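Peer 1: Construct the entire structure; sequences and hints are all you get.
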Amino acid sequence: MRSRPTTKRALLVPLVLLAVSSVLAACSSTGGSSSSGGSSSAGSLKTGLKVFVIPKNLGNPYFTLADSVKTSGALAALKKLGETGSETSGTAATPASQIPAIQAAITKGANALIVSATDASALCPTLKAAMQKGITVVTYDSDAPACRDLFINQASTPAIGTSEVDLLAKQLHDAGDIGIVSAAASATNQNAWIKYMKQELTKFPKMHLVSTVYGNDDPTTATQVTQGLLQQHPTIKGIISPTTVGVLAAAQVLDTPKYRGKVALTGLGTPGSLKKYVEDGTIKSFELWNPANLGYLAAYAAVNVASKKITNAQGQSFSAGKLGKYTVGAGHSVLLGPPLVFTKSNINNFNWGF
Amino acid sequence: MAPDVTARRWLSAAARWETGLAVLLLLIVVLGAAASPQFLTTSNLFNLLVTSGEVAIMALPMTLIIISGEIDLSVASILGMSSALLGYLWSIHWPMLAIFAVLVLLGAVAGLVNGLLVTRLGLPSLAVTIGTLALYRGIALMILGPKTISNFPAPYNTIGVIAVPHTDIPWSMAIFVVLAVISGVVLHATATGRSLYAMGASPEAALFSGIRVKRIKTILFVVSGVVCSLAGVLWTFRLATAVQNNGLGLELNVVAVVLLAGVSIFGGKGSIGGVVLAVLAFAGLANALLLTNFNQEATGIVFGAVLLISVFAPNAGALWARLGRLRKHQRPVRPARQ
Numbered sequence: 001m002r003s004r005p006t007t008k009r010a011l012l013v014p015l016v017l018l019a020v021s022s023v024l025a026a027c028s029s030t031g032g033s034s035s036s037g038g039s040s041s042a043g044s045l046k047t048g049l050k051v052f053v054i055p056k057n058l059g060n061p062y063f064t065l066a067d068s069v070k071t072s073g074a075l076a077a078l079k080k081l082g083e084t085g086s087e088t089s090g091t092a093a094t095p096a097s098q099i100p101a102i103q104a105a106i107t108k109g110a111n112a113l114i115v116s117a118t119d120a121s122a123l124c125p126t127l128k129a130a131m132q133k134g135i136t137v138v139t140y141d142s143d144a145p146a147c148r149d150l151f152i153n154q155a156s157t158p159a160i161g162t163s164e165v166d167l168l169a170k171q172l173h174d175a176g177d178i179g180i181v182s183a184a185a186s187a188t189n190q191n192a193w194i195k196y197m198k199q200e201l202t203k204f205p206k207m208h209l210v211s212t213v214y215g216n217d218d219p220t221t222a223t224q225v226t227q228g229l230l231q232q233h234p235t236i237k238g239i240i241s242p243t244t245v246g247v248l249a250a251a252q253v254l255d256t257p258k259y260r261g262k263v264a265l266t267g268l269g270t271p272g273s274l275k276k277y278v279e280d281g282t283i284k285s286f287e288l289w290n291p292a293n294l295g296y297l298a299a300y301a302a303v304n305v306a307s308k309k310i311t312n313a314q315g316q317s318f319s320a321g322k323l324g325k326y327t328v329g330a331g332h333s334v335l336l337g338p339p340l341v342f343t344k345s346n347i348n349n350f351n352w353g354f
Numbered sequence: 001m002a003p004d005v006t007a008r009r010w011l012s013a014a015a016r017w018e019t020g021l022a023v024l025l026l027l028i029v030v031l032g033a034a035a036s037p038q039f040l041t042t043s044n045l046f047n048l049l050v051t052s053g054e055v056a057i058m059a060l061p062m063t064l065i066i067i068s069g070e071i072d073l074s075v076a077s078i079l080g081m082s083s084a085l086l087g088y089l090w091s092i093h094w095p096m097l098a099i100f101a102v103l104v105l106l107g108a109v110a111g112l113v114n115g116l117l118v119t120r121l122g123l124p125s126l127a128v129t130i131g132t133l134a135l136y137r138g139i140a141l142m143i144l145g146p147k148t149i150s151n152f153p154a155p156y157n158t159i160g161v162i163a164v165p166h167t168d169i170p171w172s173m174a175i176f177v178v179l180a181v182i183s184g185v186v187l188h189a190t191a192t193g194r195s196l197y198a199m200g201a202s203p204e205a206a207l208f209s210g211i212r213v214k215r216i217k218t219i220l221f222v223v224s225g226v227v228c229s230l231a232g233v234l235w236t237f238r239l240a241t242a243v244q245n246n247g248l249g250l251e252l253n254v255v256a257v258v259l260l261a262g263v264s265i266f267g268g269k270g271s272i273g274g275v276v277l278a279v280l281a282f283a284g285l286a287n288a289l290l291l292t293n294f295n296q297e298a299t300g301i302v303f304g305a306v307l308l309i310s311v312f313a314p315n316a317g318a319l320w321a322r323l324g325r326l327r328k329h330q331r332p333v334r335p336a337r338q
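If you read the sequences in order, they're chains A and B. Quick note: the first sequence, position 300, residue 300 per our numbering, numbers continuous. Quick note: the second sequence, position 125, residue 125 per our numbering, numbers continuous.
Keep in mind that the hints are not guaranteed to be accurate.
Here are the simulated BS3-like cross-link-like pairs (lysine-lysine), alpha carbons at most 25 Å apart as the crow flies [as the list claims (entries may be wrong)]:
| no. | chain 1 | residue 1 | chain 2 | residue 2 |
| --- | --- | --- | --- | --- |
| 1 | A | K284 | A | K195 |
| 2 | A | K344 | A | K284 |
| 3 | A | K198 | B | K147 |
| 4 | A | K258 | A | K206 |
| 5 | A | K276 | A | K79 |
| 6 | A | K262 | A | K276 |
| 7 | B | K147 | A | K195 |
| 8 | B | K147 | A | K128 |
| 9 | A | K170 | A | K237 |
Don't read these hints as lab results, they were simulated from the structure. Note that this is a predicted model, so its numbers are computed, not measured.
Peer 2: Here it is, written out as structure tokens:
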């Protein structure tokens, strides 16, 4: 090899490493099984269906809880119903990363897809192609309204948006500047919640939303934008982060003598990851639905539709195993129930493992 | 032709980087087909190709730039900026043809800024394009903010699922083929192409032999800008979504493809044939791992290993020789620099 100035080489080494790591981050995969499916059983729900659970991305603790067998999530419900369930997605929570996984699931002969949409419109051409092939498409957690049979709604959008503002208002005694740490700028659910937060804030004239920042559900980015938010707006007294990755990153940033007890934090978080911060006083209260129940319900709904036991019309009802009976509501959606609020007094009751 | 010359030619062809890549690609195809009956189906090959279209297209000008001894890390940000402007102009009801004209101009200006900073001010392209990587992404955010534009008309936003009429080839891949042929002819069959190798291998010699280094490099950056702007259009329509963070981080995938293609990061070496093979190898590997029930954690290891082996393999002989010298406690005649 020709010799060159070492400074250039020194710059290039990290570059090559970055290039390698980008390839690592860009690839994605699946774990699944290849039994052929679709036989009827006595209970009129088909068994042996190939059902693919496709979260926004892999390695996201929220979706691990929603999907896995160990937590009684979607895959546990599918196993109980005798279906062939598998989880697949990309490693980044973007349509560009998720779409190849959906396409692969279709190629592998899926009977039903359970999808958390990284983008309401980007997934549509792919999901519509699936529906045209007779594949049942159920969205959960994040909707793609124009291109699915059913949406399993974790909590009503207004309830999440307004209750988080209310939780923060209680801690701030109804006054002070606040900021929002969201996920991706294009995330459907985030933007809908933020819309209702803004609406609810009009009830608190002394509370002002000064900035909304986007952490892209990436711990590093979320930490950086939270730090940026606090530096840019030193008057901030409270932060709402309606994403589990964002609220944990914000809690880590706020868990210093400089901010603890001075900047309040609430949002959507998992009890395991935030327990430490609730106990040391960084967070007083936060909320979440039970993600495992959401996945479990989505699995039952998908199998019911794929078995043609119900249609997606309003008023159709079905049994969701241990969760009881559910009815399809307006907009072809099924509502899981009201969110749970976690505080110091109840956090130890939820042993979700993270 | 004397027989020993023919034999030597065959040997050197076998030892060429592209031959190794072709073997790798063949291996991926054979293993992929063996592992999944769906791997070689038309619809799967369509998905496989459409997913890699934009990276493939952006890898072509990147190849020429790296061969000439420079680099352009702003490619994905130009893609994002183009996507954001496309969405914004469509949302204020511009006609599509006018938008396309503006986007070509946008790409050309973005590339020209890179080119002038590198050639006229003599700044290192690595630093300049890291700067414009942040700058252009920032402009994309300014243009569109947190908004998502997705109401593009059907002939456009089905580009990700509809093939070129009468074929099974995605539009982006058809464009890649056309651009690859043009790049291949320019690089391997023109004086300008040969001058790119000269610039990369020995900048001073290239300058003193009368090659218009600054002008050619500026043109390369402009071409890269226009091509990346085009990639932004394809990306936007494939995902039916214009959003400011489209293609975030994609520049590293582009660089990774070019490195796997055997293009020397120090300039002066590489071929378009290698890039075509590397694009197909990456796309095939990613797709095969998705179709088979491959452990999700291990896919990253496979990609990393392939790339590292590709960096290591051509230097294996030299490394082995050096190891041998170390074992014999003999100092090399000249201490190695690296």
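Peer 1: Now tell me if each hint is right for this structure.
Peer 2: Results of checking the hints against the structure:
1. For the suggested pair A/K284 and A/K195, the alpha carbons sit about 24 Å apart, so the restraint of at most 25 Å is met.
2. With a C-alpha separation of about 7 Å, the suggested pairing of A/K344 with A/K284 holds against the 25 Å cut-off.
3. Restraint check for A/K198 and B/K147: satisfied, since their Cα atoms lie roughly 16 Å apart, inside the 25 Å limit.
4. In summary, the hint linking A/K258 to A/K206 is supported, as the alpha carbons are separated by about 24 Å, within the 25 Å threshold.
5. Pair hint A/K276 plus A/K79 does not hold up; C-alpha atoms about 34 Å apart against a cutoff of 25 Å.
6. Simply put, A/K262 and A/K276 have alpha-carbon atoms about 17 Å apart, close enough for the 25 Å limit, and the pair holds.
7. The suggested pairing of B/K147 with A/K195 holds, with an alpha-carbon distance near 13 Å, which does not exceed 25 Å.
8. Proposed proximity of B/K147 and A/K128 is supported: the alpha carbons are some 23 Å apart, at most 25 Å.
9. Distance check on the hinted pair: A/K170 and A/K237 sit about 12 Å apart at the alpha-carbon level, within 25 Å; holds.
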